[in-house]
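Novice: Sequence:
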Amino acid sequence: MCMTVFRSFRLQHLLLLPVLQLFTVLAFSSSTSLTGEVAVPGRHLLRQGVSVTIQGHAYSRTTSARMDGSFQFEDVPPGDYVIEVNCRGHESGRLELSNWSTGDLRAIVVQLGPAIGQDEPPLGSNSTATVEELKVPPKAMKALAKAQDKSRQQDYASAIGHLKKALDIYPAHPGAWNNLGVAYLKMGRDSEAEGAFKNALSKDPRCIQAMRNLGLLYFANNKNREAIEPLKASLENDAADYRAQTYLAVALYREGRYADSEAWLLKALDVNPDFSDAVYQLALAQFRLKDYQGAAESVDRYLAAAPGGEYAEEAKQLKTALDGQATGSAE
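Under the numbering used here, think of the first position of the sequence shown as -19, with each following residue one higher.
Mixed in with the good hints there might be a few duds.
Once the Cα atoms are required to be at most 30 Å apart in a straight line, the calculated BS3-like pairs of lysine-lysine come out as [stated by the list, open to error]: (1) Lys126 to Lys203; (2) Lys122 to Lys203; (3) Lys119 to Lys130; (4) Lys203 to Lys119; (5) Lys270 to Lys212; (6) Lys212 to Lys122; (7) Lys247 to Lys299; (8) Lys270 to Lys247; (9) Lys119 to Lys178.
DEER-style ranges, computed between Cβ atoms [what the hints assert, rightly or not]: (10) Lys115 to Ala219: 28 to 36 Å; (11) Leu246 to Ser40: 37 to 45 Å; (12) Lys115 to Asp170: 39 to 47 Å; (13) Leu246 to Gly29: 19 to 27 Å; (14) Asp303 to Pro151: 58 to 66 Å; (15) Pro253 to Leu75: 24 to 32 Å.
Keep in mind the hints are simulated off the structure, nothing from the lab. Quick caveat: nothing in here was measured; it's all calculated off a predicted structure. Yeah, the Cβ is synthetic: ideal placement off N, Cα and C, and Gly gets one too.
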């Protein structure tokens, strides 16, 4: 039986670093996921929990934003939604989202309210800037801001020009190198993207966004052995990134390391039990490990959660094979 292994890598899964280090996920989405970011007054980094609630006619969920401000909801049906964000010490933020559907390319940004009892600090004030930001010359910051705007408009050629200008002025900025790599990838320039991500890591070996993006680049090009270490390294600093855990698991699966793949998939599902793509991949790993009962349970779980999902037909084929296996064992 030929089984499809997690085909849904998308360029939206790359991480882009905004100018002032409020890290943003660019629509890191599966076929029915909704992704957005929490914008914090003064562009602070999130230093405490932010809850995000989505409410629609037939769908309601609550999750927590990651430290980079990103959030995601899985298996979201088309419709009208209200998204509300709450954080202790801040006024709540609210966004009305009309006519959302799969493949919607709108940027979903929910503004968190100002701190209660405090004036909102000015953008880029030294009280909220990182040490790295304070080193960046104003002209470079201006070019980075323009690049960020062009990226959000999906004008990646212009974004590349602004990023190169910023790096000519201040070549030590890891976030700019990372964003340059993302822009190159969006234009299909993989070798230049790889070089940019490596440059980001040479400036800051702890730049988890560049680690993750480099791993995803290798993954997308079926360089699974090369993808494993960057993805693992990124997860050492972000253990809640269930999508990176799933990609790592698939790379391990492709290398024949089924037990390791299963272990990472279980971690991903501990973080997000509703991530149906990981459930499907778990069924494949369990099948390879001859854990047929576990595989059958995972297939049933996937089909119950995503009956019309991207892997529904393959899951049904796997279920048929597992039913045949069970029948043969019983005879």
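Novice: Hint by hint, note whether the structure agrees.
Specialist: Now for the hints, and whether the structure bears them out:
no. : hint                         : verdict
1   : Lys126 to Lys203             : 33 Å, violated
2   : Lys122 to Lys203             : 36 Å, violated
3   : Lys119 to Lys130             : 17 Å, holds
4   : Lys203 to Lys119             : 38 Å, violated
5   : Lys270 to Lys212             : 26 Å, holds
6   : Lys212 to Lys122             : 34 Å, violated
7   : Lys247 to Lys299             : 24 Å, holds
8   : Lys270 to Lys247             : 20 Å, holds
9   : Lys119 to Lys178             : 24 Å, holds
10  : Lys115 to Ala219: 28 to 36 Å : 29 Å, holds
11  : Leu246 to Ser40: 37 to 45 Å  : 27 Å, violated
12  : Lys115 to Asp170: 39 to 47 Å : 30 Å, violated
13  : Leu246 to Gly29: 19 to 27 Å  : 24 Å, holds
14  : Asp303 to Pro151: 58 to 66 Å : 59 Å, holds
15  : Pro253 to Leu75: 24 to 32 Å  : 26 Å, holds
Consistency note: the structure conflicts with the earlier hints numbered 1, 2, 4, 6, 11, 12.
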